[in-house]
Every structure is written in structure tokens, then in C-alpha cells.
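Peer 1: Sequence:
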Amino acid sequence: MSFQEPTSAGKRRGRPWGWLIVLGISAVAAYWYFVARDATPPATTAPAAMGRGFGAGGFGGMAVPVRLATAQERTLQHSLRAIGTVTAFNTVVVRSRVGGELLQLHFEEGQAVQAGDLLAQIDPREYQVALDQARGQQQQNEAQLHSARTDLERYRLLLRQNSIARQQLEQQEALVKQLEGARVSDQAAVDSAGLQLSYTRITAPISGRLGLRKVDQGNIITASDAEGIVTITQTQPISVEFTLPQADAADVLEQLRAGRKLQAVLYDQNDTQELARGELMSVDNLIDVSTGTLRLKARFDNEDERLFPNQFVNVRLLVSSQSALAVPAAAVQVGSIGSFVYVVDKDDTVRIQRITSGRVDGSWIAVSDGLNAGDRVVVEGTDRLREGNKVDVVTVDGQEAAARPRGRAVSGGAQGGSGAAPAGH
Numbered sequence: 011m012s013f014q015e016p017t018s019a020g021k022r023r024g025r026p027w028g029w030l031i032v033l034g035i036s037a038v039a040a041y042w043y044f045v046a047r048d049a050t051p052p053a054t055t056a057p058a059a060m061g062r063g064f065g066a067g068g069f070g071g072m073a074v075p076v077r078l079a080t081a082q083e084r085t086l087q088h089s090l091r092a093i094g095t096v097t098a099f100n101t102v103v104v105r106s107r108v109g110g111e112l113l114q115l116h117f118e119e120g121q122a123v124q125a126g127d128l129l130a131q132i133d134p135r136e137y138q139v140a141l142d143q144a145r146g147q148q149q150q151n152e153a154q155l156h157s158a159r160t161d162l163e164r165y166r167l168l169l170r171q172n173s174i175a176r177q178q179l180e181q182q183e184a185l186v187k188q189l190e191g192a193r194v195s196d197q198a199a200v201d202s203a204g205l206q207l208s209y210t211r212i213t214a215p216i217s218g219r220l221g222l223r224k225v226d227q228g229n230i231i232t233a234s235d236a237e238g239i240v241t242i243t244q245t246q247p248i249s250v251e252f253t254l255p256q257a258d259a260a261d262v263l264e265q266l267r268a269g270r271k272l273q274a275v276l277y278d279q280n281d282t283q284e285l286a287r288g289e290l291m292s293v294d295n296l297i298d299v300s301t302g303t304l305r306l307k308a309r310f311d312n313e314d315e316r317l318f319p320n321q322f323v324n325v326r327l328l329v330s331s332q333s334a335l336a337v338p339a340a341a342v343q344v345g346s347i348g349s350f351v352y353v354v355d356k357d358d359t360v361r362i363q364r365i366t367s368g369r370v371d372g373s374w375i376a377v378s379d380g381l382n383a384g385d386r387v388v389v390e391g392t393d394r395l396r397e398g399n400k401v402d403v404v405t406v407d408g409q410e411a412a413a414r415p416r417g418r419a420v421s422g423g424a425q426g427g428s429g430a431a432p433a434g435h
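Note that my numbering has the sequence shown beginning at 11, numbered continuously upward.
Since the hints were made in silico from the structure, they are not lab data.
Check before you lean on any hint, since a few could be wrong.
[As the list claims (entries may be wrong)] Pair by pair, the computed Cβ-Cβ distance ranges are:
(1) GLN409 <-> GLN283: 22 to 28 Å
(2) GLN114 <-> ASN295: 41 to 47 Å
(3) VAL194 <-> ARG316: 52 to 58 Å
(4) VAL102 <-> ASP294: 20 to 26 Å
(5) ASN295 <-> GLY269: 15 to 21 Å
Every residue, glycine too, gets a C-beta built ideally from N, C-alpha and C.
Sequences and hints are given; from them, build the entire structure.
Peer 2: In C-alpha cells:
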């Protein structure tokens with residue numbers, strides 16, 4: 011009995027402490043809900059945050075570090091983009107014009123050759139015999155012609171002396187003409203046999219780079235072999251074929267009709283590294299009705315041979331250029347109010363400025379309305395900015411800004427007073 015009494019009394023004495031703990035937890039929860047939650051607002055898009063009282067500083071009243079760029083007049087290029095295929099300027103399948111045994115190959119696979127270089131040799135003996143026969147026949151007929159002409163002169167003398175009949179003279183004249191015709195035929199036979207003999211030496215018809223050989227030494231080849239001996243591709247210069255939508259064709263044709271040469275720039279498959287610069291060479295004479303595109307071809311010197319036939323590349327065709335006020339593309343944001351930028355005023359306060367954007371040239375965007383030359387816009391750090399924030403400028407146009415203590419609270423708090431941090435040294 012005496013043991014139960016102290017336990018009951020202890021419980022009565024502990025109840026006030028339990029109530030105090032519960033009340034304390036409730037007070038902390040209420041403070042968080044009504045006060046602390048509003049002190050750290052959730053992230054919203056910049057247009058939604060316009061006009062809300064976040065104070066002069068960033069989150070927690072701290073100046074937000076940012077990088078700036080200056081709106082400036084620039085010459086922007088009007089370029090059209092496409093995916094192109096590198097094609098050899100010329101492609102030749104080297105075939106034999108005569109049949110025979112392939113005695114020797116005079117090239118290495120992948121070798122660069124010049125027009126006229128010896129590539130292969132076919133057994134010439136058969137063709138040399140044919141040439142010798144043609145020459146022999148020619149010499150025989152030449153001798154007969156010489157004899158017939160001598161007789162003709164003698165017959166003419168005898169006719170003047172009335173020693174022969176005119177008919178005999180006329181027959182001799184016909185014989186001479188016949189042999190003169192045979193002489194022309196003999197010369198043609200000699201030329202033909204010589205030509206056939208020359209075909210046993212297979213030379214490069216163009217300058218370029220050889221592919222893999224299609225036949226080995228010792229094989230019998232003919233003029234009808236479809237694959238030939240080897241393929242030569244001309245890669246210096248080289249061409250790139252690409253297509254543009256018919257909506258863009260008018261701009262290109264207008265420039266060409268005006269006599270302007272359009273520059274084409276090639277980039278790698280990631281569209282990051284420039285490969286070569288050339289110029290537009292030709293435009294197809296019709297639009298493909300199945301795709302609604304126009305085919306074009308550009309020419310590149312390819313002196314370093316970075317371009318290879320059948321390689322896929324990104325093409326930028328520079329059509330025209332114009333001067334315009336521009337800002338880096340990283341500065342332009344898009345929200346419910348449309349396109350806008352964060353402008354930093356002289357007191358390092360941020361304001362949201364709507365703009366009308368225009369042509370894009372690489373990493374720059376033309377601005378036709380909303381900015382003036384010299385305005386400073388935020389290009390890095392925009393995700394932490396709100397209307398009226400104070401900022402800590404790190405760089406302007408890539409140059410280090412004047413040093414200042416970073417991370418200090420901005421005076422003025424939510425009232426938006428002039429709380430710029432003092433300059434440090």
C-alpha cells in the first residue's frame with residue numbers, strides 16, 4: 011500500500027511539465043508557419059515575383075553574386091542551318107580499256123596520286139604484235155604506192171608520145187588513188203594498234219586519293235569488269251551537299267541574283283568545332299516536292315583533308331549581315347510576360363525589363379526594343395534574382411569588377427532602402 015501512494019503523487023507532480031513541452035512545440039510550429047515561412051519564399055518565375063516585397067537583398071538579405079554583360083551594337087549574321095553530306099568533287103572508277111593479264115600494280119591503297127600517275131600494267135605483248143602487223147602492212151602498201159606513182163609518170167610521158175592508149179593511163183591513175191586510200195587506212199590501223207597498246211598502261215585520270223584495290227596482280231581482267239581496279243576520289247577541293255526549306259530559298263536566290271558570293275561554314279557533328287570555310291557553288295533547278303526542300307552544293311579547298319567523303323556535317327550558310335543592338339543569349343529569359351532580361355542599375359539594383367528579341371547569331375540575340383546601348387544585363391546568376399534585389403557584381407563583359415566584400419547582408423531589409431555594401435580594397 012505504501013508503495014502505490016508515492017507513485018500516484020509523482021504522476022500528479024509531472025503533469026505541468028508535460029503541458030509545458032506541448033505548448034512549446036505548438037509555439038515553434040506556429041512561428042514557423044506564420045513568420046519563418048514568409049521570410050524564405052518559394053522559388054517562382056521572375057514575372058510572378060514582380061512587385062512582391064522580397065527586399066533589396068537576395069535570399070536572406072544577402073547580395074546575390076552575378077556576372078554581367080553590356081548591351082552593345084554588333085554586326086549579326088543572318089545564317090541558315092542545315093545538315094550536309096560531304097561528297098567527293100569527282101569520283102572515278104579506274105577500269106581497263108583492254109583485256110589481258112594484270113602484270114603489276116603500281117600503287118598502295120589509300121595513296122594520294124596525281125593525274126597521269128601509272129597505276130597498273132597489263133601484259134602488252136599481244137598488243138605490241140598487233141601494232142607490228144599494222145606497221146608491216148603499212149610499209150607494204152607504201153612500197154606499192156611508190157611503184158604505182160612511178161609507173162603513172164612514165165605512162166603520162168608515153169601518152170604524150172602516142173606510145174600507149176589513154177585507157178592504160180587512166181587505169182594507172184585509178185590504181186594510184188586506190189593505194190593512196192589504202193595508205194590512209196593503214197595509218198589508221200597503226201594508230202588503233204598503238205592506242206590499244208597504250209591502254210595496257212593504266213594511269214590516273216584525275217588527282218585524288220585511292221581507295222582499296224578491287225583486283226589483285228596476276229588476274230585476267232577485261233574492259234567489261236564492273237568493279238574496275240580501284241576508285242579515285244578527288245578531295246581537294248571537296249564539296250558538301252545540303253538542303254534548305256523552300257521558305258529559305260528565296261533569301262538565298264535573292265543574294266545570288268545580286269551577284270553576291272555566300273560563305274558556308276562547316277561544323278562537326280556536335281555543332282561545336284569549326285571544320286572548314288568555303289562558298290556556295292551551285293543550286294539545284296527545282297524543289298523536291300516530296301520534302302519541300304531545295305538542294306545546294308558548297309565548295310571547300312580541304313587542304314588539311316579534314317573533310318572525308320560521306321561525312322555528316324553541320325552547315326551554316328551566311329546569307330546577309332546587319333548591325334543591331336544585341337545581348338548574350340544567356341541574358342534573355344522567357345516567362346509569362348514574354349522575353350525579358352535582368353537589368354542592373356548604377357546602384358547595383360536589379361529590375362526586370364521586357365524586351366523584343368530578334369535575330370540570333372551564335373551566342374548573341376538582337377534586341378529591337380526595351381534596352382539601350384550600355385545597359386548592363388545579368389548573364390549568370392539569374393536563378394536567384396528577384397525584382398529589387400541588390401547584387402554583387404563579379405564580372406562585367408568578362409572583366410573582373412571592382413573588389414568588394416561578398417556575402418554581407420544588405421541594409422534596408424524588406425523596406426528596400428539603399429543598402430549597397432561599401433566598396434572594399
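Peer 1: Against this structure, judge whether each hint is valid.
Peer 2: For each hint, the structure was consulted:
no. : hint                          : in the structure
1   : GLN409 <-> GLN283: 22 to 28 Å : holds (27 Å)
2   : GLN114 <-> ASN295: 41 to 47 Å : holds (46 Å)
3   : VAL194 <-> ARG316: 52 to 58 Å : holds (55 Å)
4   : VAL102 <-> ASP294: 20 to 26 Å : holds (23 Å)
5   : ASN295 <-> GLY269: 15 to 21 Å : holds (19 Å)
No hint from the list above goes unmet by this structure.
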